[in-house]
Amino acid sequence: MDMTLAVIAEKLGGRLSGDGHKIITGMASFDQAMESELCFADDSRYLVRLGETKAAAVLVPEEALNLSGNLIYVKNPRMAFVSLSRLFNPGPVIRDRIHPSVCVGNHVSWGKNVELRSGVVIGDKVSLGSRVLIYPNVVIGDGVILGDDVMIYPNVTILDRCVIGSRVTIHAGTVIGSDGFGFVPEGQQYTKIPHTGIVRIGDDVEIGASNTIDRGTHGETRIKNGVKTDNLVHVGHNVEVGENTLLVAQVGIAGSSVIGDHVILAGQVGVSGHLTIGNNAVIGPKAGVIKSVDAGAVLSGVPAIPHKQWMKAQIVVSQLPELKKKLGAHAKRLKELEEKGD
Amino acid sequence: MDMTLAVIAEKLGGRLSGDGHKIITGMASFDQAMESELCFADDSRYLVRLGETKAAAVLVPEEALNLSGNLIYVKNPRMAFVSLSRLFNPGPVIRDRIHPSVCVGNHVSWGKNVELRSGVVIGDKVSLGSRVLIYPNVVIGDGVILGDDVMIYPNVTILDRCVIGSRVTIHAGTVIGSDGFGFVPEGQQYTKIPHTGIVRIGDDVEIGASNTIDRGTHGETRIKNGVKTDNLVHVGHNVEVGENTLLVAQVGIAGSSVIGDHVILAGQVGVSGHLTIGNNAVIGPKAGVIKSVDAGAVLSGVPAIPHKQWMKAQIVVSQLPELKKKLGAHAKRLKELEEKGD
Amino acid sequence: MDMTLAVIAEKLGGRLSGDGHKIITGMASFDQAMESELCFADDSRYLVRLGETKAAAVLVPEEALNLSGNLIYVKNPRMAFVSLSRLFNPGPVIRDRIHPSVCVGNHVSWGKNVELRSGVVIGDKVSLGSRVLIYPNVVIGDGVILGDDVMIYPNVTILDRCVIGSRVTIHAGTVIGSDGFGFVPEGQQYTKIPHTGIVRIGDDVEIGASNTIDRGTHGETRIKNGVKTDNLVHVGHNVEVGENTLLVAQVGIAGSSVIGDHVILAGQVGVSGHLTIGNNAVIGPKAGVIKSVDAGAVLSGVPAIPHKQWMKAQIVVSQLPELKKKLGAHAKRLKELEEKGD
Chain Y
1 MDMTLAVIAE KLGGRLSGDG HKIITGMASF DQAMESELCF ADDSRYLVRL
51 GETKAAAVLV PEEALNLSGN LIYVKNPRMA FVSLSRLFNP GPVIRDRIHP
101 SVCVGNHVSW GKNVELRSGV VIGDKVSLGS RVLIYPNVVI GDGVILGDDV
151 MIYPNVTILD RCVIGSRVTI HAGTVIGSDG FGFVPEGQQY TKIPHTGIVR
201 IGDDVEIGAS NTIDRGTHGE TRIKNGVKTD NLVHVGHNVE VGENTLLVAQ
251 VGIAGSSVIG DHVILAGQVG VSGHLTIGNN AVIGPKAGVI KSVDAGAVLS
301 GVPAIPHKQW MKAQIVVSQL PELKKKLGAH AKRLKELEEK GD
Chain A
1 MDMTLAVIAE KLGGRLSGDG HKIITGMASF DQAMESELCF ADDSRYLVRL
51 GETKAAAVLV PEEALNLSGN LIYVKNPRMA FVSLSRLFNP GPVIRDRIHP
101 SVCVGNHVSW GKNVELRSGV VIGDKVSLGS RVLIYPNVVI GDGVILGDDV
151 MIYPNVTILD RCVIGSRVTI HAGTVIGSDG FGFVPEGQQY TKIPHTGIVR
201 IGDDVEIGAS NTIDRGTHGE TRIKNGVKTD NLVHVGHNVE VGENTLLVAQ
251 VGIAGSSVIG DHVILAGQVG VSGHLTIGNN AVIGPKAGVI KSVDAGAVLS
301 GVPAIPHKQW MKAQIVVSQL PELKKKLGAH AKRLKELEEK GD
Chain U
1 MDMTLAVIAE KLGGRLSGDG HKIITGMASF DQAMESELCF ADDSRYLVRL
51 GETKAAAVLV PEEALNLSGN LIYVKNPRMA FVSLSRLFNP GPVIRDRIHP
101 SVCVGNHVSW GKNVELRSGV VIGDKVSLGS RVLIYPNVVI GDGVILGDDV
151 MIYPNVTILD RCVIGSRVTI HAGTVIGSDG FGFVPEGQQY TKIPHTGIVR
201 IGDDVEIGAS NTIDRGTHGE TRIKNGVKTD NLVHVGHNVE VGENTLLVAQ
251 VGIAGSSVIG DHVILAGQVG VSGHLTIGNN AVIGPKAGVI KSVDAGAVLS
301 GVPAIPHKQW MKAQIVVSQL PELKKKLGAH AKRLKELEEK GD
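Just so you know, the protein sequences line up as chains Y, A and U, in that order. Positions 1 to 342 (the numbering used here) are the ones given, in order, by the first sequence. Positions 1 to 342 (the numbering used here) are the ones given, in order, by the second sequence. Positions 1 to 342 (the numbering used here) are the ones given, in order, by the third sequence.
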């Protein structure tokens, strides 16, 4: 997959400056690039350090001035870097083959180019799209539907009747369609509510490693188009996660909450059940959301309040012992003034 | 599994009002029910909206007045709904069969009706009760004991010598019996303490997806009868979780802590090691428990304090910058008064 | 593996007091030991209760006075206990055998005594050291390198090209080498950045159950020698965890952060991305680190501040409603004084 710098510049529609014959073997970051690799520099912090990278060439913004070395001027160096990175790393080639150890149920429907690796288990009445790659030891329950261009990493479990869209990647160890945490108290004990719903995952979704996404008690838990989740994320029963929303590592969302489109829940955020979080809201790391959130809000803290207010309040929190002392001194001074005045 | 409304009313011991010949095909929630489904309405919020559900019929409280439509009056509509839901969804039929890919060790003892699906691995000297269903790719270590009516979802790991009671469900991806986090410092390094204990899980327990329950260093980690855990819960070595206690998603309990009966640890709660939490205590979401908790206490916050006190304090926290300003103004006014007084 | 007390005393280089013929069958804790077991007592809380243990004998500090019973006096009873515990529990014997269900790729390189259990999958060009034990249903990707004396518990996934050192234990359900959470926004959508880096794990590392350790975007995510992680820990792409650092359960570290040597991140700690945490720092349970931390610092809270300051501040937080009331009373008293003075 080696390419000359001139070929790369042409592919990117960029302007080449320097040695077009230079062979590029891969992509790397500015500080870790080796002598045949390409990196990018998209702001002044890196542009002033151009001499320090060992990279063979650097992608730079088209408006940058007074630079030297092997450079390709492009509109958006970071984006150019990513698209080039996908060229150099096109992902696994999917071969139309089923490993002999794979266990396939009855009435399975098959797309074109389906690769099932060792130890995969496919239930009855499963529907597999085209260009599906399932890594070893994945378990797919009865009636599951997978779209096209789906990639499922090892040791994932997708339980009965869940529906996965197209261009979806699910990382290792994740569980889709476990029962929700639904019990009815009977005296001191709890009786389980049967969970008859499903999980429905849209298109262009990426689910991180070791997520747990519970099925609806009835109806559906929905992960809509374009959602990306990080690792160890928990999504409760009947939750809806809106389009292009990001759930960062270790987020937990309790049952029946509705998260809007293009929301960001930062790492370790918790959302209580039956809440609504509006579109484009951003919830800061470790925040705890206990009431519904307006569209566009930026919140932090437990319970979550507007981020700026939280930041200011936390600074004062750290000064509280001192402020308490002042308050005590004031009380004394007030008493003295009051006694004097008598 | 379709039933007429009249049959359902009889099974529930409820009073039918409306069309007893109506065919019911399943259960659903009030807002998602379709035309042949049954839902319930157990409080006034739903009862006033009875005309809005598409359901074929609604379970309502026996004391409700002035309602119309196809109804079954019962004592506890929610509970009736759950028991009916179990009738419609009786769970998988367990067939007495071992998939040919299953790997079984020596000296295994078998109950009646044991179903082991593809890729299951059973160690030596394992004891399996009756009506045990083990989903694909589960690994059961040497000497493990499983009671009757146990269901283990895919990709679960139960390590050597752990003991699981009867009527226990373990959801996908969970690990039972990993070593505890026990090391002894030797200079800058840490030496591992061998973990020779086990995990003992009682009867009527449900363990969520991707839990990690460590074995005792010596002795046992105990999950007592009736405990229910949500997803991604961590239970450290030698912890004891009392009867009918609920551990909500992403809870973590450090080594040797003892949680009482009928306790609720809400989502993302953390409990430090070697503590005791009394019966019926409730710890709010995201709280951090760093000292032992009395029976019946309701706590929140980090560190956890009484919930009401915490709620009131958090309101003031959000006002702190303003209060600090007032304190500064008081200081100035005091100084002016003092100077005037001189 | 039974031993007489005399033999044990000799192995430990300790001084025996009592019945040297006593047969010891195993190790247990002070309160749970049974009549043929050995326990230890290393501080006065236990030494005064020596009569209460059922243990056959107790390891005690060599300087302890006026004790009775079967005792072995040693320099460090806890350490003696651990080394003895390893004698009694030497871990699994590794047999040179490959289960027939194992799926092995091409060009795999083998050390001596490699045991691969049922359902293990080994990719192409994998290098396995000597005395490697891989439990059932583990998946090892292409090009992975494992050192000597490596033990990998069931259902673990190690993805392509990751490098694992020697004397490493990885507990069940863990994922090594999942893609990092790296996306570039394009309008409302996110484009995935190909993750071409690896995870490199050093020597003498123990990784807990159900961890997720992401590969570098480019370059490496590094877990250095002697690191120990507890369960459900998340390590983001390109993170570096220094030597002999402890990551307690449910810790999350965002991308590109560098954790020093001999650091402790307590349970449920979160660390934001691109930060540095200095050597020997200790971050308290549930803390949220949002800026870099000096070597040796001891922090708590969200955002993390010095632990002592945090403790003092939290006490005042719980008193805030009362302090606010006082502040209000002061305002009133000030007004009265001011009016009086007019």
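Incorrect hints may appear among the rest.
Pairs count within a copy or across copies, as identical chains cannot be separated in the list.
Here are the computed lysine to aspartate or glutamate pairs in the EDC-like style, where the Cα-Cα straight-line distance is at most 16 Å [unchecked claim]: (1) K75 / E186; (2) K335 / D148; (3) K75 / D294; (4) K335 / D31; (5) K192 / E10; (6) K326 / D96; (7) K340 / E115; (8) K54 / E37; (9) K308 / E322; (10) K75 / E35; (11) K325 / E37; (12) K192 / D203; (13) K340 / E62; (14) K332 / D42; (15) K325 / D42; (16) K54 / E243; (17) K308 / D2; (18) K192 / E62; (19) K192 / E206; (20) K291 / E338; (21) K75 / D43; (22) K291 / E52; (23) K192 / D149; (24) K312 / D19.
Read the hints as simulated data drawn from the structure, not as lab findings.
First find the shortest C-alpha distance between K335 and D31 inside one copy, then the shortest across copies, and answer within, between, both or neither for a cut-off of 16 Å.
Neither: 64 Å inside a copy, 57 Å across copies.
Given identical chains, is K308 near D2, meaning Cα to Cα at most 16 Å, within a copy, between copies, both, or neither?
Result: close neither inside a copy nor across copies, 49 Å intra and 56 Å inter.
Intra- versus inter-subunit Cα pairing at 16 Å for K340 with E62:
neither (75 Å within a copy, 68 Å between copies)
One pair to classify: K291 and E52, alpha carbons no more than 16 Å apart. Within, between, both, or neither?
neither (50 Å within a copy, 26 Å between copies)
Regarding K326 and D96, is the shortest C-alpha distance of 16 Å or less found within a copy, between copies, in both, or in neither?
neither (75 Å within a copy, 73 Å between copies)
If the cut is 16 Å between Cα atoms, do K192 and E10 qualify within a copy, between copies, both or neither?
neither (62 Å within a copy, 23 Å between copies)
At most 16 Å between C-alpha atoms: does K291 with E338 qualify within a copy, between copies, both, or neither?
neither (45 Å within a copy, 43 Å between copies)
For K192 vs D203, is the C-alpha pair at or below 16 Å within one copy, between two copies, both, or neither?
Only across copies: K192 and D203 sit 14 Å apart there, 32 Å inside one copy, limit 16 Å.
Could you place K192 and D149 in one of the four classes (within, between, both, neither) given a Cα distance threshold of 16 Å?
The answer is between: 15 Å across copies meets 16 Å, while 37 Å in one copy does not.
Can you tell me if K192 and E62 fall within 16 Å by alpha carbon in one copy, between copies, both or neither?
neither (61 Å within a copy, 23 Å between copies)
One pair to classify: K54 and E37, alpha carbons no more than 16 Å apart. Within, between, both, or neither?
So K54 and E37 pass the 16 Å test inside one copy only (8 Å; across, 62 Å).
Please work out whether the CA atoms of K308 and E322 approach to 16 Å or closer within one copy, between two copies, in both situations, or in neither?
Between copies only: 13 Å across, 23 Å inside.
Violated hints for the displayed structure, listed by number in ascending order: 2, 3, 4, 5, 6, 7, 10, 11, 13, 14, 15, 16, 17, 18, 20, 22 and 24.
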